[in-house]
Each structure stands twice: as C-alpha cells, then as structure tokens.
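Construct the entire structure; sequences and hints are all you get.
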Amino acid sequence: MSLAQNSDEAVTIAPRSRGRRRWRLSPQAVSWLQVSPLAIILTAFFALPTLVFLIVSFYDYDRAGIYPDFLLTNYEELLTTPATLRVYVSSLKFAFIVWGITLFLGFNIAYFLVFHVHSRTMRTILFLACAIPFWTSGIIRTIAWIPFLGRNGAFNQGLMAVHLTEQPLEFLLFSPFAVCVTYVHLFTLLMIGPIANSLAKIDPALLEAARDAGASRWRTMVDIVIPLSKTGIALGSILVFTQVMGDFFVVKAMSGGQSASIVSQLATEIQAMQYPPAAASAIILVLFVALMVGCMMRVVDVRKELVR
Amino acid sequence: MSQPKTPLGGPPATRRTVIKTAIGAVAGSGAITGFPTLWAQNIKDVVIQHNGPPVTAIGLIGEQASKDLGFTVRMQASENADLLNRFLTQSSAIDTADISLPFLKYLIGRDVLQPIPRARVAHYEQSMPLFTRGKYPDGRIASQQGVAPFGVLYAINAEGKAFAKEETEWLNGIPSVTNADTLGIRPDLVSRPITSWADLLDPAFKGKTALQDQPSVGTIDVAMAVEARGGLTYGNKGNMTRAEIDKTMAIMREVKASGQFRSFWTTFDQSVNLMASGEVVIQSMWSPAVSAVRTRGISCTYQPLKEGFRGWGYVLGMMKHLTGLKRDCAIEFANWYGSGFQGAVIARQGYYSAQPENARKFLTAAEWDYWYDGKPAAEVLNDPFGKPSIKPGEIRDGGAFMQRVGNIAVWNSVMDEDRYLTRKWNEFITS
Chain B
1 MSLAQNSDEA VTIAPRSRGR RRWRLSPQAV SWLQVSPLAI ILTAFFALPT LVFLIVSFYD
61 YDRAGIYPDF LLTNYEELLT TPATLRVYVS SLKFAFIVWG ITLFLGFNIA YFLVFHVHSR
121 TMRTILFLAC AIPFWTSGII RTIAWIPFLG RNGAFNQGLM AVHLTEQPLE FLLFSPFAVC
181 VTYVHLFTLL MIGPIANSLA KIDPALLEAA RDAGASRWRT MVDIVIPLSK TGIALGSILV
241 FTQVMGDFFV VKAMSGGQSA SIVSQLATEI QAMQYPPAAA SAIILVLFVA LMVGCMMRVV
301 DVRKELVR
Chain Z
1 MSQPKTPLGG PPATRRTVIK TAIGAVAGSG AITGFPTLWA QNIKDVVIQH NGPPVTAIGL
61 IGEQASKDLG FTVRMQASEN ADLLNRFLTQ SSAIDTADIS LPFLKYLIGR DVLQPIPRAR
121 VAHYEQSMPL FTRGKYPDGR IASQQGVAPF GVLYAINAEG KAFAKEETEW LNGIPSVTNA
181 DTLGIRPDLV SRPITSWADL LDPAFKGKTA LQDQPSVGTI DVAMAVEARG GLTYGNKGNM
241 TRAEIDKTMA IMREVKASGQ FRSFWTTFDQ SVNLMASGEV VIQSMWSPAV SAVRTRGISC
301 TYQPLKEGFR GWGYVLGMMK HLTGLKRDCA IEFANWYGSG FQGAVIARQG YYSAQPENAR
361 KFLTAAEWDY WYDGKPAAEV LNDPFGKPSI KPGEIRDGGA FMQRVGNIAV WNSVMDEDRY
421 LTRKWNEFIT S
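Chains as they are written, first to last, in the UniProt record's numbering: chain B, 1 to 308; chain Z, 1 to 431.
The hints are all genuine.
Heads up, simulated SDA-like pairs for lysine to any residue below, C-alpha to C-alpha not over 25 Å straight-line: (1) K256/Z x A204/Z; (2) K256/Z x S175/B; (3) K320/Z x A64/B; (4) K206/Z x F177/B; (5) K93/B x S431/Z; (6) K105/Z x G65/B; (7) K247/Z x T80/B; (8) K161/Z x Y67/B; (9) K320/Z x D45/Z; (10) K161/Z x A64/B; (11) K206/Z x S90/B; (12) K361/Z x Q64/Z.
These are computed hints drawn from the structure, not numbers from a lab.
Here it is in structure tokens:
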C-alpha cells in the first residue's frame, strides 16, 4: 500500500485521487453518452430501416421474391401513374383543411384554458377532459363515428325526427366530410397541448402592460400572444400535418375505401407482395414530409424557441 | 434416419402402414420388441405446426387431431399477406398448412413445399374430381378460368419445382376445402329479383353497392358483371391480358365516378356492417359474412346468379423441411384431415369438404341435408362452436352442393399481370 514513507493521510488520499482521475470522462465523452440512448434508438429504428427501404426501392421483384438490382422503374412507375398525384393532392387537401380547423379550435381552447380558467384544479380537470378520449384507441374513436353518421345512423335519424330533412343525408358517411370530422376529433388535442404549453410561458404582466398601454384585445392578440405562442403553433402543426400525411386507417374506414391515402396505396402493394414499389413509395413520402416539415421549421425555429 | 418408402401403386396408406413405415424409419432394421410402446413414445413428442387462415385453422380441429393421432397438432391462424409471408420466409417454423390455390402460384418453384406421393394420400379417390381431374362427377369439364384446382394440384416430380398439366404421382397438396362465392344482397331492400352479376352495376343501386378492396377479387367480380351485361368478353377473367385490364378499369372508373359504389371493404366485419346497416344492398361477400348478417335478424341472401359462381379452394400442403418420422406424422395428419372430422367442422360454417362423403360420416342427417343437399333444416343446426345458427325450415342459398359447386364460372386468382393489375387498381381506387 504505502509506496513511500508518507503519513497515513497522504497514503489514503493518493490512491483515491488516482482512482478518480482514471474514471473521469472528458466533457465530450459525457455529451456522447448523453445522446447515445436517443442516437441508438433513432439509428436502429429509423435510420437503418429507412436505409433498407432506400436500397429495396431500387430492387427488381416478381410475384414472390425481390432481387438485388439498381432499377429506376419503381420510381418511374410511381411518379408517372396519375394515382400518385391524386393521393398527394387529396392528402394535402385533407392536411390543410384539418390543419386549419384544428389550429382554430386548438388555439381557442388552449387560450381559454390558460387565460380564462383561473383555478388550477379546474384547469387540470378541463385538460383531463380533453385527454380522456385518448384513453381509448384511435381505431375505436374512428369507428364510433360510423353508426353515428351512417345512412340510418343516429344523426340522420335525429335530423329526420325533427323534420329538418326528409331523406337521410348521404354525404355524412363514407365521404371526405366524414374523414375530416374524424381527423379533427382525433388530432385537435395535438394542437391544444403544444399551444397551451407556450401560452402558459407568457408572463401575464406582458398582457397587463399591453392593456395599460392602450392596446385593444385584437392588438394584444396579434402583437403579443400569437408571436409568443408560435413555437406551440408550429409544433402542433407539424404533429397534425405528419399524422394526416401518414394516415392509413381513417381514410380507409371513413371514406369507405372511396378515397385512398398515400399509405393505403402502399398497403395495397404490400398485400400484393410487391415490396420494391412500396419501398419507393415510402421513400418519396418520407422525403415529401421532411420537406414540408423543413419549410415549417424555416418559418419558426422550434429548437431556439424550445430552449427559451 | 432413412426415408421410408411406400411402393407406388400399393394399397393406399392406412394408419397401420404409416405406423409400420415410421417404425422402420426410427428403428432401422434392428430387432424390434414391443414396438407399439416404442411407436407411441416416439410420436408422443412430435408436434405438427399447422398454419392457415382463421376460417380453417380452427383450434378444435387441432385438438381432435391430437386426440386421434397420438401426437400434437397445433393450429396457428394468420391472414392474407401475413400468411403468405410466413410461407415464403419462415416455412421451417411451419409443418403443414392450408394453402389457398392462388398461393400455390407464389410457392411452387421456391423450395417451400414438398409434393406428397399420391400413393400415400389415403382419400385420393374420395376427393372431388373437380380437384383431381378438373371435371364434375357427371363428366362435364369444369371452368379453368383463374387459378383452377386441377391446374395447380399436381407437381411434375418429387422435387415439385413446377406444375404438371396432367395427373401425376405427386400432389402439391391434398384437396381440403372449397366453396362457391357470389353476391350478397338485402332482399328486403333491392325491391326486385336479382338474377345476374350485371345487377352489381345497375344504376338502380347507385350508391348502394360495394366491392372487396382487393385487386384480383374486386376486378374479377366487376368482370363477371361487365361480361354479364354484355359489351365485353374475356378470354380468361381470372388471368386477363393488359388490354382486358385496361378496358375493365376504364369501365370501373366510369362506374365509380357515377357514384355506384358506396364502399370498398377490406375486412370481414366491414362487409357485415355495410350490409347490416343498409348502407349497401348488393355487394361481393363471403358466405360466413352473410350468416353473420342473418344472425342479427336482418335478412340477407347469398344470391346464386345465372352466370355462375366465383370458386375458391384450399389444399393441405407439406413444408419442404419435413423428413423422417415428422414427415410421416405430417402425412398421417394430412390423411386424417381428409377423413371427415375437419370436413364436418367447416361444413357447419358453410364451406365444402373436398372429400364430401367422408365429411358426411361426421355430420348428422339433418346437417347433411341442409348444408349439402339444399333441403330445409329439419332442426336447429349449430355452427362449428356449438352456437345455434340455422333455424328449422331454413334453406341454404343456392341449393344443393352440385348446384353451387357445379356451376363455377371463374376461380379466385392471381394473374400473370398482377404487377400491372395492382397499379391499375390503385389508380381506380384513387380516381
């Protein structure tokens, strides 16, 4: 133990400090360790599969096999069929309509919850009320609309019972209308959460100051509340937008298979065992959504705002 | 372990001969003493993993097989592309399977299945000639449009790399299940008799028809309607040329644009709900779905149409990896499968056994009369799980076995142009 004839104190300290030095990591290494769990997850479950898609999308295929190759046919067929343009236009249309409605609803609900509900308990209860539907699965919440909106459904029967309509309204179910209603129902909370979060960060003194300075409610809203909540708006928009673009089930169930989404088209290919075109379709979708999200990020620098 | 051989042309394998050959395989040529015990002990631990769709891979069939055979048969169910994927990628985890006829087109030549020697198929002679010879019992040649059973039943040799065009000594699978599909209707809501596939496209039912969202079945159903209505004829509706696909799709897009279709369904439940709720009054449907609508007390008919039925079938296939004792057990299970119990179970949900006379042994007279003979039910009949499903006096839609299966116009299919068809189907659905 004792290397030299030192005092007891020196002997005990020396090995300990040596030990500590041995285990100290450079700050860089610490940062690497900190990001590694996320990095590993993203690599294993996002980057690698995407790479596989990318590779397979160039493969040749027949009825039961895929063959390594470098073909552009899958992309060529995908980009030349009118179906692709149609599903992108229809998905974008849904995305923008739903984005507009959920933004309007989400912003107003969040504003109400943050600025008009003063009791903490009440606010928690109301937030919970917004979240309770999410305790059941999205599939159930989607299917629940079918008996309600159907030709002989509750809504149509109600309308006819009070003599507002003579015949059942056909457009309620298996239509773009039904798809939008379901999307709004499913995704409004995705807007409320982030917006409420950024609204809650606004110092109430700012609003008071604006009022004292003679600003109208509208001016306060436009010049203070909206600019300060734009992170939340951007985050909510990204969530809603990506959900709609990547949706498979809602469009299928609520349009009665009448309109297709990008993913449902891809699903038909997978059911037919045609993986390379499905992979090409997935790659194009990832690129497209990444591009759209990139554009949103340009408008609002979410990263900068988040650390604020 | 040596491969047991049964001489070709010898007596059909009975359980006894299988046992003997199996013992030979296990014990070689050594002296065997007390062999029944040895046999029982050896097969006791054998597990046959049987895969199929939920409608045929039924737990109670596996339980009965295990009881009768002395080894364990496990049933595992999955659907459509999942099932096909399992066959293609994990066939070593499966021993035997219910394989739909179109799937054979994917599997043959890919080292997934091993052909079964005809000499070891116990119920070959009892199997429907529709499968084994492509003919009806009265000698009429059956439709070969689509993937017809006779065209895919035989392998050219023991390797099984290709389909044989004629009868051979090797079977790609043992015929097991078949049925004839048609359109389901709501007789209370169509307000006139439905007699032809053309009614699917009749503007009178605008907004009240539906198709299955599946490229080949959906397109074949429309092709039946288009041909019935006149104007287009097909060489083979189950295997269209590109030109035929284009023409059919043009009509389909036009009809869709006019608002004819209310929906395109993907799952069994969806088809049941569409019909039960009255959203749809005429649509392509599966026979158990029609029963499901009826059990809700809603009238629904599986309407026979004059142009004929769309047929489908299954065979029991054996995976390539099976050898020795396990292979013998698999063959014995396959022979048990055709011996009647399984046929009786699936008969109670409206499917036909490919060995109907064997199934008859396990059905009551009342069940046989209703399911196979087209006679009114003499008493309450149960479904496979013992739940009452048919009320006394009910008559099966389409009548007797031969009236239905005897009139198949086209078989479920996978077309040579399936790549093209999938693309066109996507264009149709999005239009």
